[in-house]
Amino acid sequence: MLKNFTCIMCPRGCSITAEVDGTRMVSAEGNFCPKGLEYVYQELTNPMRNIASSVLVEGGELPLASVRLSSPIPKDRIFDVMEEIKKVKLKAPVAMGQTVISDVLGLGCDVIATKNVGRA
Amino acid sequence: MRQIDTVIIGGGPAGLSAAVRLWEKGIRDILILEREHQLGGILRQCIHDGFGLTRFGETLSGPEYAQRFISQVEALGIPYVTDTTVIDITEDKKVTAASRNGMLEIQAKTVILTMGCRERTRGAISIPGERPAGVYTAGVAQSYINLQNKMVGREVVILGSGDIGMIMARRLTLEGAHVQAVFEVQPYASGLPRNILQCLDDYGIPLYLSHTVTEIRGKDRLESVVVSQVDDRLQPVKGTEKEYFCDTLILSVGLIPENELSLSAGVVLDERTKGAVVDEHHQTSVPGIFAAGNVLQVHDLVDFVSMEAEELADSVAAFLKEGELRSCSLAVKTDGNVTHTIPQRISGTKDFKLSLRVRRPMKDCRIRLLQGGQLVGERIMKKAIPAEMIQIPVKAAKLNEKEDLEVKVIC
Ligand SMILES: Cc1cc2nc3c(=O)[nH]c(=O)nc-3n(C[C@H](O)[C@H](O)[C@H](O)COP(=O)(O)OP(=O)(O)OC[C@H]3O[C@@H](n4cnc5c(N)ncnc54)[C@H](O)[C@@H]3O)c2cc1C
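Here the protein sequences come in this chain order: X and A.
Per my numbering, the first sequence starts with residue 41, numbered consecutively.
Per my numbering, the second sequence starts with residue 61, numbered consecutively.
In case anyone wonders, no lab produced these hints; they're calculated from the structure.
Check the hints yourself; a few may be wrong.
Claimed, not checked - A short, non-exhaustive set of chain A residues, derived as facing chain X with CB atoms under 8 angstroms:
{"no.": "1", "residue": "107"}
{"no.": "2", "residue": "121"}
{"no.": "3", "residue": "123"}
{"no.": "4", "residue": "207"}
{"no.": "5", "residue": "209"}
{"no.": "6", "residue": "253"}
{"no.": "7", "residue": "257"}
{"no.": "8", "residue": "258"}
{"no.": "9", "residue": "262"}
{"no.": "10", "residue": "443"}
To be verified - Computed beta-carbon distance windows for the label pairs:
{"no.": "11", "chain 1": "A", "residue 1": "97", "chain 2": "X", "residue 2": "44", "range": "43 to 51 angstroms"}
{"no.": "12", "chain 1": "A", "residue 1": "214", "chain 2": "X", "residue 2": "158", "range": "30 to 38 angstroms"}
{"no.": "13", "chain 1": "X", "residue 1": "78", "chain 2": "A", "residue 2": "167", "range": "51 to 59 angstroms"}
{"no.": "14", "chain 1": "X", "residue 1": "137", "chain 2": "A", "residue 2": "89", "range": "32 to 40 angstroms"}
{"no.": "15", "chain 1": "X", "residue 1": "87", "chain 2": "A", "residue 2": "116", "range": "22 to 30 angstroms"}
{"no.": "16", "chain 1": "A", "residue 1": "167", "chain 2": "X", "residue 2": "159", "range": "32 to 40 angstroms"}
{"no.": "17", "chain 1": "A", "residue 1": "424", "chain 2": "X", "residue 2": "137", "range": "43 to 51 angstroms"}
{"no.": "18", "chain 1": "X", "residue 1": "148", "chain 2": "A", "residue 2": "360", "range": "25 to 33 angstroms"}
{"no.": "19", "chain 1": "A", "residue 1": "442", "chain 2": "X", "residue 2": "41", "range": "19 to 27 angstroms"}
{"no.": "20", "chain 1": "A", "residue 1": "424", "chain 2": "X", "residue 2": "129", "range": "50 to 58 angstroms"}
{"no.": "21", "chain 1": "X", "residue 1": "63", "chain 2": "A", "residue 2": "434", "range": "48 to 56 angstroms"}
Unchecked claim - As a list, the in silico DSSO-like pairs of lysine-lysine whose alpha-carbon atoms are at most 27 angstroms apart:
{"no.": "22", "chain 1": "X", "residue 1": "115", "chain 2": "X", "residue 2": "129"}
{"no.": "23", "chain 1": "A", "residue 1": "458", "chain 2": "A", "residue 2": "442"}
{"no.": "24", "chain 1": "A", "residue 1": "442", "chain 2": "X", "residue 2": "43"}
{"no.": "25", "chain 1": "A", "residue 1": "468", "chain 2": "A", "residue 2": "458"}
{"no.": "26", "chain 1": "A", "residue 1": "210", "chain 2": "X", "residue 2": "126"}
{"no.": "27", "chain 1": "A", "residue 1": "410", "chain 2": "A", "residue 2": "393"}
{"no.": "28", "chain 1": "X", "residue 1": "129", "chain 2": "A", "residue 2": "210"}
{"no.": "29", "chain 1": "A", "residue 1": "423", "chain 2": "X", "residue 2": "75"}
{"no.": "30", "chain 1": "A", "residue 1": "334", "chain 2": "A", "residue 2": "468"}
{"no.": "31", "chain 1": "A", "residue 1": "458", "chain 2": "A", "residue 2": "393"}
{"no.": "32", "chain 1": "A", "residue 1": "442", "chain 2": "A", "residue 2": "468"}
{"no.": "33", "chain 1": "A", "residue 1": "443", "chain 2": "X", "residue 2": "43"}
{"no.": "34", "chain 1": "A", "residue 1": "458", "chain 2": "A", "residue 2": "413"}
{"no.": "35", "chain 1": "X", "residue 1": "43", "chain 2": "A", "residue 2": "423"}
{"no.": "36", "chain 1": "A", "residue 1": "443", "chain 2": "X", "residue 2": "75"}
{"no.": "37", "chain 1": "A", "residue 1": "423", "chain 2": "A", "residue 2": "413"}
{"no.": "38", "chain 1": "A", "residue 1": "442", "chain 2": "X", "residue 2": "75"}
{"no.": "39", "chain 1": "A", "residue 1": "413", "chain 2": "A", "residue 2": "442"}
{"no.": "40", "chain 1": "X", "residue 1": "115", "chain 2": "X", "residue 2": "43"}
Where a beta carbon is used, it is the ideal one built from N, C-alpha and C, also for glycine.
I would like the entire structure built from these sequences, with the hints used as guidance.
This is the structure in structure tokens:
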């Protein structure tokens, strides 16, 4: 079966057409680089996504610090990870790059802060 | 009056990138003026990732991307003031700004315009109906949720398929809201395919093309919107009306460069971009006044904003050293398939990058750059979409100094 994919590995956003047999990729075209093939393979077997959100900060110059994951997680775990992120409350100061939750839900990646928040 | 070599108006990625590059080139008499309390521009609220892959080779969130430049500005000791709004620029480059400590008046040798853009609002597209609370532009909703910790609503409809709107569709969903649909008046999406996939498709949010909101209902708070299909001329089709019950309507209907100040300085604007007409040096119609970033043309990728501002800084450094830049008497002309180009004027003696957007989605096309019928640059594209800014490098060696440059798309 022919299937269309929009690669999200980089801003180029190649549209890739692949011949697929179940979760197996038989052939593919339209990808500018090998990452496109990797992406199609991943989409067929275990789609991965990164997410961003915010956590509460106590005593900070801003009420929130933005966070993201250090690497992508399986798409079907996004809402589980969001639940974990919602539980967190940090104390100012927060430093960009700081680990907020390490190895979140055992998925092998960390939730990290993406903004400096100084004390109020 | 205080004299300064270069005043930079706006401390977003464009302003910061220009400042760092100027400093590296030995131009030290610089001042960045920023209206907000912090540097970084709009990226402070763009917390999703996907920035920096082109510029830094890794994918960062908006605040991290901005922080890279803020840290450099701090480390180099480049002078800046925040909480300071520029209120006037004159043609002879007097800059007036208002701050908590009163008025600031500066005579600059060069001025860099990097004020970014603002969002189109509902007024600009005038939907009939009531004016209840619960209608936000995507950027305002983004600021509420990501900076101020205020949730905007629970049942959401989005009008316009701009990137910020789609990114907010995902953000709102992650925060527990229900996004019913995105409606786009054009027959194609105005945002990037990758955002349709990872912000809408991933969360089962439908995108309806050729649809628009034709009525807003509700007394104090929004209660529902009426959506209609539109025909080829974008006019609502009678009998297709459907009511969606929602407490929030998010508008993602485009960005407009912020150019009131440019006009007061006598800078000529381009009807198409709503930004300044610039030459290959990023110099506006007023010698010594330059523009880059979203104030010049709406970008879809901040990496290109930084690179544009860095090229601008090279020209500003040359202007300060030599007192003027080579005049650009050749026009860049486009056919109907291209909405605009940057720059609009060239000299034919310098390498430059031509930025452009196509007017509608096209497949298997060639974008050809010609001078007197001679091919001087070309980009072959499997698909070209209006959502994406296209950049084509042009080499001076291929150009002459006599003929205008023509941009043609052949499908
Ligand atoms: C709401 C919104 C969301 C966006 N989200 C994304 C996104 O998710 N991804 C993406 O790639 N791009 C996004 N963009 C595009 C984004 O703006 C650019 O990628 C990039 O931030 C442009 O940089 P800039 O420096 O040109 O403008 P900006 O980042 O807008 O910076 C302009 C700066 O100038 C300051 N300023 C303006 N007028 C004055 C004045 N009179 N005096 C002093 N200072 C002034 C402003 O306060 C601001 O700090 C978004 C744009 C908007 C409007």
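Going down the list of hints, with the structure as the test:
1. Contact between residue 107 of chain A and chain X, as hinted, is supported at the beta carbon level, the nearest pair being about 4 angstroms apart and thus within 8 angstroms.
2. Taking 8 angstroms as the C-beta cut-off, the interface hint given for residue 121 of chain A holds, the closest approach to chain X being about 4 angstroms.
3. Proximity of residue 123 of chain A to chain X holds as hinted, the smallest CB-CB distance being about 4 angstroms (cut-off 8 angstroms).
4. Hint status for residue 207 of chain A: holds, given a least beta-carbon distance of 7 angstroms to chain X, under 8 angstroms.
5. About 5 angstroms separates the beta-carbon of residue 209 of chain A from the nearest beta-carbon of chain X, less than 8 angstroms, and the hint is met.
6. Interface hint status for residue 253 of chain A: upheld, as the beta-carbon distance to the closest one in chain X is roughly 4 angstroms, under 8 angstroms.
7. The closest approach between the C-beta of residue 257 of chain A and any C-beta of chain X is roughly 5 angstroms, which is under the 8 angstroms cut-off, so the hint is satisfied.
8. Checking residue 258 of chain A against chain X by beta carbon gives a least distance of about 5 angstroms; that is within 8 angstroms, so the hint holds.
9. Using the Cβ-Cβ criterion of 8 angstroms, the hint placing residue 262 of chain A at the interface with chain X is satisfied: the shortest such distance is roughly 7 angstroms.
10. Hint status for residue 443 of chain A relative to chain X: holds, with the closest Cβ pair at about 7 angstroms, below 8 angstroms.
11. Distance hint check: the CB atoms of residue 97 of chain A and residue 44 of chain X are about 45 angstroms apart, consistent with the given range 43 to 51 angstroms.
12. Distance hint check: the CB atoms of residue 214 of chain A and residue 158 of chain X are about 33 angstroms apart, consistent with the given range 30 to 38 angstroms.
13. In this structure the supplied range 51 to 59 angstroms holds for residue 78 of chain X paired with residue 167 of chain A, their Cβ-Cβ distance being about 56 angstroms.
14. Checking the proposed 32 to 40 angstroms range against residue 137 of chain X and residue 89 of chain A shows it holds: the Cβ atoms sit about 33 angstroms from each other.
15. For the pair residue 87 of chain X and residue 116 of chain A, the supplied restraint of 22 to 30 angstroms holds, since their beta-carbon distance comes to about 26 angstroms.
16. Separated by about 39 angstroms at the C-beta atoms, residue 167 of chain A and residue 159 of chain X satisfy the suggested range of 32 to 40 angstroms.
17. With their beta carbons about 44 angstroms apart, residue 424 of chain A and residue 137 of chain X fall inside the hinted range of 43 to 51 angstroms.
18. For the pair residue 148 of chain X and residue 360 of chain A, the supplied restraint of 25 to 33 angstroms holds, since their beta-carbon distance comes to about 32 angstroms.
19. The supplied range of 19 to 27 angstroms is met by residue 442 of chain A and residue 41 of chain X, whose beta-carbon atoms lie about 22 angstroms from each other.
20. For the pair residue 424 of chain A and residue 129 of chain X, the supplied restraint of 50 to 58 angstroms holds, since their beta-carbon distance comes to about 54 angstroms.
21. In this structure, residue 63 of chain X and residue 434 of chain A meet the distance hint of 48 to 56 angstroms, their C-beta atoms being roughly 51 angstroms apart.
22. For the proposed pair residue 115 of chain X and residue 129 of chain X, the alpha carbon gap of about 25 angstroms is at most 27 angstroms, so the pair holds.
23. Only pairs whose Cα atoms come within 27 angstroms are accepted, and residue 458 of chain A paired with residue 442 of chain A is accepted, the gap being roughly 25 angstroms.
24. For the suggested pair residue 442 of chain A and residue 43 of chain X, the alpha carbons sit about 18 angstroms apart, so the restraint of at most 27 angstroms is met.
25. Among the hinted pairs, residue 468 of chain A with residue 458 of chain A is consistent with the structure: their alpha-carbon atoms are about 17 angstroms apart, no more than 27 angstroms.
26. Only pairs whose Cα atoms come within 27 angstroms are accepted, and residue 210 of chain A paired with residue 126 of chain X is accepted, the gap being roughly 14 angstroms.
27. Using a Cα cut-off of 27 angstroms, the hinted pair residue 410 of chain A and residue 393 of chain A holds, with the two alpha carbons roughly 18 angstroms apart.
28. A distance of roughly 16 angstroms separates the Cα atoms of residue 129 of chain X and residue 210 of chain A; the hinted pair therefore holds under the 27 angstroms criterion.
29. This hinted pair checks out: residue 423 of chain A and residue 75 of chain X have alpha carbons roughly 23 angstroms apart, not beyond 27 angstroms.
30. With a C-alpha separation of about 22 angstroms, the suggested pairing of residue 334 of chain A with residue 468 of chain A holds against the 27 angstroms cut-off.
31. A threshold of 27 angstroms between alpha carbons decides the hint, and for residue 458 of chain A with residue 393 of chain A the separation of about 17 angstroms falls inside it, so the pair holds.
32. A distance of roughly 16 angstroms separates the Cα atoms of residue 442 of chain A and residue 468 of chain A; the hinted pair therefore holds under the 27 angstroms criterion.
33. Under the criterion of a C-alpha separation no larger than 27 angstroms, the hint pairing residue 443 of chain A with residue 43 of chain X is consistent with the structure, at around 18 angstroms.
34. About 13 angstroms separates the Cα atoms of residue 458 of chain A and residue 413 of chain A, which keeps this hinted pair within 27 angstroms; it holds.
35. About 19 angstroms separates the Cα atoms of residue 43 of chain X and residue 423 of chain A, which keeps this hinted pair within 27 angstroms; it holds.
36. This hinted pair checks out: residue 443 of chain A and residue 75 of chain X have alpha carbons roughly 19 angstroms apart, not beyond 27 angstroms.
37. The straight-line distance between the Cα atoms of residue 423 of chain A and residue 413 of chain A is roughly 23 angstroms, inside the 27 angstroms bound, and the hint therefore holds.
38. This hinted pair checks out: residue 442 of chain A and residue 75 of chain X have alpha carbons roughly 18 angstroms apart, not beyond 27 angstroms.
39. A hinted pair counts as satisfied when its Cα atoms are at most 27 angstroms apart, and residue 413 of chain A with residue 442 of chain A qualifies at roughly 21 angstroms.
40. Restraint check for residue 115 of chain X and residue 43 of chain X: satisfied, since their Cα atoms lie roughly 19 angstroms apart, inside the 27 angstroms limit.
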